[in-house]
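All letters in the sequence shown, in the order written, are residues 96 to 700 by this note's numbering.
The set of hints was computed from the structure by calculation and includes no laboratory data.
All C-beta atoms, glycine included, are put in the ideal place defined by N, C-alpha and C.
Among these hints, one or two may not hold up.
DEER-style ranges, computed between Cβ atoms [stated by the list, open to error]:
hint	residue 1	residue 2	range
1	535	669	25 to 35 Å
2	98	451	46 to 56 Å
3	584	534	23 to 33 Å
4	535	655	33 to 43 Å
5	536	352	38 to 48 Å
6	326	451	21 to 31 Å
7	570	424	43 to 53 Å
8	418	314	29 to 39 Å
Once the Cα atoms are required to be at most 30 Å apart in a straight line, the calculated DSSO-like pairs of lysine-lysine come out as [claimed, not checked]:
hint	residue 1	residue 2
9	486	426
10	669	643
11	643	653
12	625	669
13	643	619
14	669	653
15	486	539
16	619	653
17	625	539
18	653	625
19	539	426
20	486	669
21	619	539
22	669	539
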Amino acid sequence: MDHTVLLLLAGIGVLSLASQWLAFLTNLPAILFLLLSGILIGPGLGLLNPDALFGDLLFPFVSLAVAVILFEGALTLRREEIRGHGSVVTNMVLVGFFVTWVISAVAAHFLVGMSWQISILFGAVMVVTGPTVIVPMVRAVRPNRRIANILRWEGILIDPVGALLAVLTFNVIIATSFSDATGEAVLGFVQVIVSGLAIGAVFGYLWGLALRASRVPDFLRNVATLLLVFACYVLADTLESESGLLAVTVMGVWLANMRGVHLEEILDFKESLSMLLISGLFILLAARLDFAQVMSLGWASLGVLFVIQFIARPLKIQLSARGSDLTREEKFALSWIAPRGIVAAAISALFAMRLEAAGFEGAEMLVPLTFVIIIGTVVFQSLTAGPLVRKLGVAAPPSEGVLIAGSGPVPRAIAEVLQANEVPVLIADSTWEGVREARMAGVKTYYGNPASDHAEMRLDLTGLGKLLALTRRADQNDLLCSHFASEFGRDSVYTLPQTLEVDEQRSEKHTVASARRGRRAFDKNVSLSKFASLLAQGGEIRVTRLSKEFDFSAYLEKHQGRIIPLVCWNERGKVRILSPDDEWVPGADWHVASLFAPEQQNGQG
Numbered sequence: 096m097d098h099t100v101l102l103l104l105a106g107i108g109v110l111s112l113a114s115q116w117l118a119f120l121t122n123l124p125a126i127l128f129l130l131l132s133g134i135l136i137g138p139g140l141g142l143l144n145p146d147a148l149f150g151d152l153l154f155p156f157v158s159l160a161v162a163v164i165l166f167e168g169a170l171t172l173r174r175e176e177i178r179g180h181g182s183v184v185t186n187m188v189l190v191g192f193f194v195t196w197v198i199s200a201v202a203a204h205f206l207v208g209m210s211w212q213i214s215i216l217f218g219a220v221m222v223v224t225g226p227t228v229i230v231p232m233v234r235a236v237r238p239n240r241r242i243a244n245i246l247r248w249e250g251i252l253i254d255p256v257g258a259l260l261a262v263l264t265f266n267v268i269i270a271t272s273f274s275d276a277t278g279e280a281v282l283g284f285v286q287v288i289v290s291g292l293a294i295g296a297v298f299g300y301l302w303g304l305a306l307r308a309s310r311v312p313d314f315l316r317n318v319a320t321l322l323l324v325f326a327c328y329v330l331a332d333t334l335e336s337e338s339g340l341l342a343v344t345v346m347g348v349w350l351a352n353m354r355g356v357h358l359e360e361i362l363d364f365k366e367s368l369s370m371l372l373i374s375g376l377f378i379l380l381a382a383r384l385d386f387a388q389v390m391s392l393g394w395a396s397l398g399v400l401f402v403i404q405f406i407a408r409p410l411k412i413q414l415s416a417r418g419s420d421l422t423r424e425e426k427f428a429l430s431w432i433a434p435r436g437i438v439a440a441a442i443s444a445l446f447a448m449r450l451e452a453a454g455f456e457g458a459e460m461l462v463p464l465t466f467v468i469i470i471g472t473v474v475f476q477s478l479t480a481g482p483l484v485r486k487l488g489v490a491a492p493p494s495e496g497v498l499i500a501g502s503g504p505v506p507r508a509i510a511e512v513l514q515a516n517e518v519p520v521l522i523a524d525s526t527w528e529g530v531r532e533a534r535m536a537g538v539k540t541y542y543g544n545p546a547s548d549h550a551e552m553r554l555d556l557t558g559l560g561k562l563l564a565l566t567r568r569a570d571q572n573d574l575l576c577s578h579f580a581s582e583f584g585r586d587s588v589y590t591l592p593q594t595l596e597v598d599e600q601r602s603e604k605h606t607v608a609s610a611r612r613g614r615r616a617f618d619k620n621v622s623l624s625k626f627a628s629l630l631a632q633g634g635e636i637r638v639t640r641l642s643k644e645f646d647f648s649a650y651l652e653k654h655q656g657r658i659i660p661l662v663c664w665n666e667r668g669k670v671r672i673l674s675p676d677d678e679w680v681p682g683a684d685w686h687v688a689s690l691f692a693p694e695q696q697n698g699q700g
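Build the full structure now, drawing on both the sequences and the hints.
Dropping the structure here:
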């Protein structure tokens, strides 16, 4: 066994993991670190030559990886989601992409000298932004909710739409180039389209029926779906060359829009698999870069980048946002943020391989120009978008506020104090009476389950970064903590037991795994029922400002045994929920909200 091959494969995996981890730590798109890793071990140090490592298997591997990526993206393309995100997103996905396509193609043809065929294909590839680069950039840049939602849904929806456009464009080029007669070219294109549509629809429909009827056990669903995607791609491409990518895209769209088919687990699996494929694939593609080809493009490639960044994108936003209530500043921010990512890199590499094998002149320019645009948009926008949105006044407020699940007396009392002290707070609950009373008290509310599909689409979490789960059901609190841990972080979700006795009696087999539960809020000797009882007896939540002379230790000593510290915040907007598991204590100039026992109401705070 050649240990060099094993070392290279393991090294790609380690670099993929390290790149994703660095992206998490820095809030930058992972594509930056994947790109640097690939260039370093490829053309930089000469340690990795993907063509030599995989040989004849490189092209099939890239093809199947792209097929999975396109299928996973297509699973998110639902009709109601396109209609449900306002005219701006709809226009960007269904109309605005044409602006990017045409302007990018014209710029590539006249500035770089690409043939019209390759230029048109390049323009189609440039339509795709994609959530793999948009989501981390939005998290780092932190624009306001309207901008973030538009960018996020544009990325999700344009991903499969743009990929499908690129596939169709590629099929047109192939069909028209290998036939001298226009009629034969049209017939060849129609055959590719019909074959891809038919096979994808059949696979999607039959597999959807099997999933809906629960014919497949749960533990086989993910693996079976993956293998069927491979089978769909191979069958379509075998029956009609170049129809495979279209077939898997159609299969994904069909499953996404089929009634009664639950895809949550499949989507989770596909997202994890796509991350693995995206990471490894991008390192391989970056390692194949030829610096000589990149340098041969010269300054003209930067001209194409300039046109895409400062002409195509702003024009697309202006046309798509006509008649909307977006402000001028919001439109400007949207015009600035549109990084290209893995889908553009993967599709361009795959098509370039096929076109070069078919003898297309200038096909070798497609990949280096695409990578110039990817590097340029990601680096430029990562460095400038944050200061820009802050300068324009369209940045989101700090995520220090509190989402309180539950609307009983305890959640309402805490929310009212936070609201009165200008700490962002929102109460979310499915109990109408409690939500109504919170609204009457002036607290911002959401009527519904905060972990529902409806909340996923419409719950405004702007400015919120902590969860306080205070519903009357322990299992629901655990579920909410598990759900929002991915959004806020594991250390920012808190809960209280219903009673201390029940909390102590809950055995291991009746509780959610500790890794999925929230942190204990406030104090180990307080429960939700005890808190409510103290309030009912006349207890009161009061706020005290600490100082150097009267610090937290002095505060506790003065009210020893008679208060329960709850939440604290400072003038810089930082908010902390106190926990018995946390050794942190507030310093000077922090405000502390505590529950004072009834007999302490007349004391001084």
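Results for each hint:
For the hinted restraint 25 to 35 Å between residue 535 and residue 669, the CB-CB distance of approximately 30 Å keeps it satisfied. Here the CB-CB span from residue 98 to residue 451 is close to 32 Å, at odds with the stated 46 to 56 Å. Checked against the hint of 23 to 33 Å, the pair residue 584 and residue 534 passes, with Cβ atoms roughly 29 Å apart. The hinted window of 33 to 43 Å between residue 535 and residue 655 holds, with their beta carbons roughly 36 Å apart.
Distance hint for residue 536 and residue 352: a CB-CB separation of about 42 Å, consistent with the stated range 38 to 48 Å. Look at residue 326 against residue 451: about 28 Å separates their beta carbons, and that is inside 21 to 31 Å. The hinted window of 43 to 53 Å between residue 570 and residue 424 holds, with their beta carbons roughly 45 Å apart. A hinted range of 29 to 39 Å is violated for the C-beta pair residue 418 and residue 314, which are about 50 Å apart.
Taking the CA atoms of residue 486 and residue 426, the gap is near 14 Å; set against the 30 Å cutoff, the hint holds. The suggested pairing of residue 669 with residue 643 holds, with an alpha-carbon distance near 18 Å, which does not exceed 30 Å. Taken as a hint, the residue 643 and residue 653 pair is honoured in the structure, with Cα atoms around 15 Å apart against an allowance of 30 Å. Restraint check: the Cα-Cα separation between residue 625 and residue 669 comes to about 28 Å, which is no more than 30 Å; the hinted pair holds.
Distance restraint check for residue 643 and residue 619: the Cα-Cα separation of roughly 28 Å lies within the 30 Å cut-off, and the hinted pair is therefore satisfied. Note on residue 669 and residue 653: the hinted pairing holds, with a Cα-Cα distance of about 25 Å set against a maximum of 30 Å. For the hint linking residue 486 to residue 539, the alpha-carbon distance of about 28 Å falls within 30 Å, and the restraint holds. Of the supplied pair hints, the one linking residue 619 and residue 653 holds, its CA atoms being roughly 20 Å apart against a limit of 30 Å.
With a C-alpha separation of about 26 Å, the suggested pair residue 625 and residue 539 falls inside the 30 Å cut-off, and the hint holds. The suggested pairing of residue 653 with residue 625 holds, with an alpha-carbon distance near 22 Å, which does not exceed 30 Å. Between residue 539 and residue 426, the direct Cα distance comes to roughly 28 Å. Compliance with the 30 Å bound is thereby established for this hinted pair. Proposed proximity of residue 486 and residue 669 is supported: the alpha carbons are some 22 Å apart, at most 30 Å.
Taking the CA atoms of residue 619 and residue 539, the gap is about 29 Å. The hint holds against a cut of 30 Å. Proximity of residue 669 to residue 539 is assessed by CA-CA distance (about 20 Å); at most 30 Å being required, the pair is judged to hold.
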